[in-house]
Amino acid sequence: MTTLPTLTEPDGPLVPEAAAAARYRQQADAPETVRGYRRDWQAFAEWCAARDALPLPAAPETVGAHLATLADAGRALATLRRRLAAITRAHRSAGRHLDTTHPAIRETLRGIARSIGRRQRRAAALCTAEVKAIAAACGTPAEQKPGRGGEGVAP
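With our numbering, letter number 143 in the sequence shown gets 1379, and the count goes up by one each step, no holes.
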C-alpha cells in the first residue's frame, strides 16, 4: 500500500508533532489487519492488471465488478466487505477518494447480500451452569490475581 505523505515545515525538518502523529497512525490497526489489507489490495491490483483496469484510482464500476467476481467464486459476504475496506483504505492512503456509496459499488454489494448473503452464525449464550464451570476451572481465589477491588474473583 502507499504510505501517507509526511508533514514538514516549509523549509525545515519534520516537526516533532508530525513525527508523533505518524507513529500513532502506524499503530492505528493491528498487524494482522494491516497484513490482511495488504493481501486484499494485492489481490485487487492483480485482478485489475489481468483486465487492464486501473486499481488506483479505481472506477466504482471496476470495484463493483471485482466484488461480483468474488461473490461468483463463492466468497463470503464478510470477505467482500473486508476487500472493499482494503481497497478504500488504499485509496485514502494515496490521497484519493473512492465513493463507496456509488451505485456500482453499493447496489452491487446489496444485491450480492440479498442473493448469496447469509446471516452470520451467532454463538449461543453461556448458561449459568457453564459460567460456574468456567469459574471453577479458574482455580480458587487465593490462586487468582486480584480483581478491581483488590480481591480475587470467586468462582
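Derived by calculation from the structure, the hints in this document are not laboratory data. From the three backbone atoms N, C-alpha and C, an ideal C-beta is built for every residue, glycine too. Hints are supplied without guarantee of correctness; some may be wrong.
Computed Cβ-Cβ distance ranges for the label pairs, DEER-style [stated by the list, open to error]: (1) V1251 x E1282: 16 to 24 Å; (2) A1279 x V1367: 53 to 61 Å; (3) E1282 x I1352: 21 to 29 Å; (4) V1367 x A1285: 34 to 42 Å; (5) E1282 x G1310: 12 to 20 Å; (6) D1265 x C1363: 17 to 25 Å; (7) P1339 x L1362: 24 to 32 Å; (8) A1279 x L1362: 18 to 26 Å; (9) E1297 x V1270: 52 to 60 Å.
Against the structure, the hints come out as follows:
A C-beta distance of roughly 38 Å is found between V1251 and E1282, which places it outside the suggested range of 16 to 24 Å. Between A1279 and V1367 the beta carbons are some 42 Å apart, a value that contradicts the proposed interval 53 to 61 Å. The supplied range of 21 to 29 Å is met by E1282 and I1352, whose beta-carbon atoms lie about 23 Å from each other. Between V1367 and A1285 the beta carbon distance is about 52 Å. The supplied range of 34 to 42 Å is therefore violated.
Our hint of 12 to 20 Å for E1282 and G1310 holds, since their Cβ atoms are close to 19 Å apart. Range check, D1265 to C1363: Cβ separation about 36 Å, and the 17 to 25 Å hint is violated. For the pair P1339 and L1362, the beta carbons lie near 43 Å from each other, so the given range of 24 to 32 Å is not met. The hinted window of 18 to 26 Å between A1279 and L1362 is violated, with their beta carbons roughly 38 Å apart.
Remark: the range hint 52 to 60 Å for E1297 to V1270 is contradicted by a beta-carbon distance near 28 Å.
Hint compliance for this structure: hints 1, 2, 4, 6, 7, 8, 9 are not met, and every other hint is.
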